[in-house]
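> In order, the protein sequence lines correspond to chains A and B.
Just so we're aligned, residue 4 is where the first sequence starts under my numbering, counting upward by one.
Just so we're aligned, residue 4 is where the second sequence starts under my numbering, counting upward by one.
Just so you know, these hints were derived from the structure itself, not from any lab.
The reader is advised that the hints may include incorrect statements.
Identical chains blur together in the list; that is why a pair holds if it fits in one copy or across any two.
[To be verified] In silico DSBU-like cross-links for lysine-lysine, where the CA-CA straight-line distance does not exceed 30 Å:
# : residue 1 : residue 2
1 : 174       : 213
2 : 263       : 313
3 : 313       : 213
4 : 244       : 213
5 : 27        : 263
6 : 237       : 263
7 : 244       : 263
8 : 263       : 231
Remember, predicted model here, so these are calculated numbers, not experimental data.
2 protein chains.
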Amino acid sequence: WENYKNGLTVKLLTPQIYIDSIWKILSVLEHEFQSRLSAEVVLVPPTQRQTKSAPVQARPGSVAEKLNNDDNNKVKAHVSAVPYDNVNAFVLQLEGQSRWRLMPNPHAQLNLATDGGAVALKDIDEWSKPTIDTVLSPGDSLYIPKGWVYQQDNHGTSSGDPATEHSLHLKLCCTHGTTGTTGDLLHLLVPEALGEAVQANVQLRSALPKGYHLHLGLAASEVEGDTKRARLQKHIAELLKVVADKALEILDPAVDQLQKQFIAARLPVPLSAREEACCAAGAPHAVIYPYTALRMLRPGIATAVVEAGKVVVYHCMDNSRELYGTALSPVEFELDDGPAIEALLAAYPDSITVSDLEHPSEELDDKIGVAQALFKEGFLLITDEVSKPSHGPPPKKKPGVRGSGDGEKLKKKNSNGVDGKKKLRVQEPDDDDDPF
Amino acid sequence: WENYKNGLTVKLLTPQIYIDSIWKILSVLEHEFQSRLSAEVVLVPPTQRQTKSAPVQARPGSVAEKLNNDDNNKVKAHVSAVPYDNVNAFVLQLEGQSRWRLMPNPHAQLNLATDGGAVALKDIDEWSKPTIDTVLSPGDSLYIPKGWVYQQDNHGTSSGDPATEHSLHLKLCCTHGTTGTTGDLLHLLVPEALGEAVQANVQLRSALPKGYHLHLGLAASEVEGDTKRARLQKHIAELLKVVADKALEILDPAVDQLQKQFIAARLPVPLSAREEACCAAGAPHAVIYPYTALRMLRPGIATAVVEAGKVVVYHCMDNSRELYGTALSPVEFELDDGPAIEALLAAYPDSITVSDLEHPSEELDDKIGVAQALFKEGFLLITDEVSKPSHGPPPKKKPGVRGSGDGEKLKKKNSNGVDGKKKLRVQEPDDDDDPF
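Modelling step: build the complete structure from the supplied sequences, incorporating the hints.
Have a look at this one:
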């Protein structure tokens, strides 16, 4: 705080770890934008201009440290340049006032920039007339589009009077939007497609035509009427088409992988007390019956992908509030269980009754086994009144049904047992009278 | 040798470092195949079968160590499986006899395999009738195509009699052929093209369409008549075309990079005494005159590429006989010097006279400056009788011409000075009477 008194800005990074309300906001926005969001709380002292920042809690190598470095870069360029980010940002003014000026990036190739940076003021002809020049008061919010240049001053008015009080704002950054850009998908898809194309196509494993380097390369590009060169270019173009076709062929699994990456980056779901009582967090031993109705707690918090001949279910319930704080702990199922799993994941916002699940075996025990294993993972909610654990043991309890198939199907890829899971509670449960 | 007596095979890896004749053979083949070759000398003791190997001189992480490990893998599978390599190999029998059986790989996708491995004998129906079953005697050579399965036994005859003497053979492996497969070029080209396409095309920097994951992915692939899915696939196909077009656009610089990689992997050129006397190795201070005729020592040992607005000349004269034993030490020139450099590199097998070089400045001093700087790198040979250093100082010596432009143009990227270069001598020079 000594530094703060001397005019330094204080940033609280990853506040969602410490402040439940920010966790809840981010969790909702994460679903809306289909994207992880980062957050920081920024406290600017009552001085004429933000000159330096002293971030707190930046651990080496952490995301916080990275944000911190980005920020330092921006600050260094403060006087002669204005920063832009590779994220969509939302500013929520909490206390005091702050003046913001922003406008589209003058460099077209930095529109929707993939990296943050700064643009020299001398390159911005129109900076004296920014698109937006506004003062935020408590309760105001501002959207800063990805790639736009912006400047924040802790000024009381847009005419530039020095601020007499501090400014406190929350900045939420939507890292990508819909789990990534189209380029991100291609970055995942294309190298994989190239590898598979080489395995599938012997032409890609053949040596380059003898003497090809005499007809390609910058030196050869100046020779006119080289028919060998034209043939080589056509050959490469055809093989690029082979790779592109392979990419389209593996588009579906690549999209599944992107969804898996999103789930790995998501926040755990904040539960209300009522929700907690009806899912594994509050009722880990709840029994699943043929008439039990289930649905996901939130849409998109779990996904099923086919990997090495198994259906693998990934979900974000065990994630920590810190990005990648815990590794995903997926559950593997046999391919036969695929349709039942897909039905449970796809039903939202409706519920589905266990006996209505499809299974090639037609066995009720198999359906219950799948539902029980997924319920234990914590992302399913019991929605029928009879099965709800808070209503005590239901009347027609059938011994032997509970946990059917668990031993075979529940294969944790890491060693975290169900009992070892950390409970995620927003507040103390008020109707949790789980009888088991 | 204790182990050798007990029946272990001894391998001498990278013999080209120690044996000049192997260095010379490899250097010639390297040009013919446009590919680096590796070599090993294999000594098999007079026993019934090669069972284990005890390689020598395998340093951790070295290529030798890798070869060694590959070999161990093969040997482990000796009884029940036969190996194949991801290289074209040539066996030269030096002493004794050895029996070789080989045939095409039974797995089509291992035709021109990209990795070595072994195929279980039970998967090879025709192994009792291999394509080739022959006994090599000293002087015989055998070609083992990439991907073919083979077995070597130290047998005296093809009927399987145990050998009564040792077998010694040299194995030369052509790692890729024409500096790589078409797939290698695409592995270099495609990621670069994707990166550049993302920078150039705002569609690739845009977020994926909202809800795209509901229409793509394995679960969505089973839904029929999904028009949104078809539109998304078309969108991705169009963007893949953008990447492929970018790849064709940057094909020439990518080929230049591949040539540079080949030059980095090449052996230094073995010089005859006569050659050495007429190039920088034997006459480092030779003067270049306007009438001096120059040509490259061997075709393809140097290449000029444009990097960051400079013409950069890479050559293999400073390479060590061990793969990547020394880093490339390129020379940078201004773009203006490009045509003169290109003419000197392209003239082979003809020579070119310095005054005939093209230069935008039309200045003779600039032409001499380029030629002198390249001559110092060691890959150019003086071919006119008058300039030859072995003939002593020429009659019409012009003071001030020597070394013109050196200070400006010779910018070594690493700190190796010209004087620090190791001379590459096949034998002691017999006509080296360099007067300088």
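> Evaluate each hint against the coordinates.
Against the structure, the hints come out as follows:
{"no.": "1", "hint": "174 <-> 213", "result": "between (58 Å within a copy, 23 Å between copies)"}
{"no.": "2", "hint": "263 <-> 313", "result": "within (15 Å within a copy, 44 Å between copies)"}
{"no.": "3", "hint": "313 <-> 213", "result": "between (45 Å within a copy, 28 Å between copies)"}
{"no.": "4", "hint": "244 <-> 213", "result": "both (22 Å within a copy, 28 Å between copies)"}
{"no.": "5", "hint": "27 <-> 263", "result": "within (22 Å within a copy, 54 Å between copies)"}
{"no.": "6", "hint": "237 <-> 263", "result": "between (38 Å within a copy, 23 Å between copies)"}
{"no.": "7", "hint": "244 <-> 263", "result": "both (28 Å within a copy, 26 Å between copies)"}
{"no.": "8", "hint": "263 <-> 231", "result": "between (46 Å within a copy, 22 Å between copies)"}
Consistency with the previously given hints is maintained throughout, with no hint failing.
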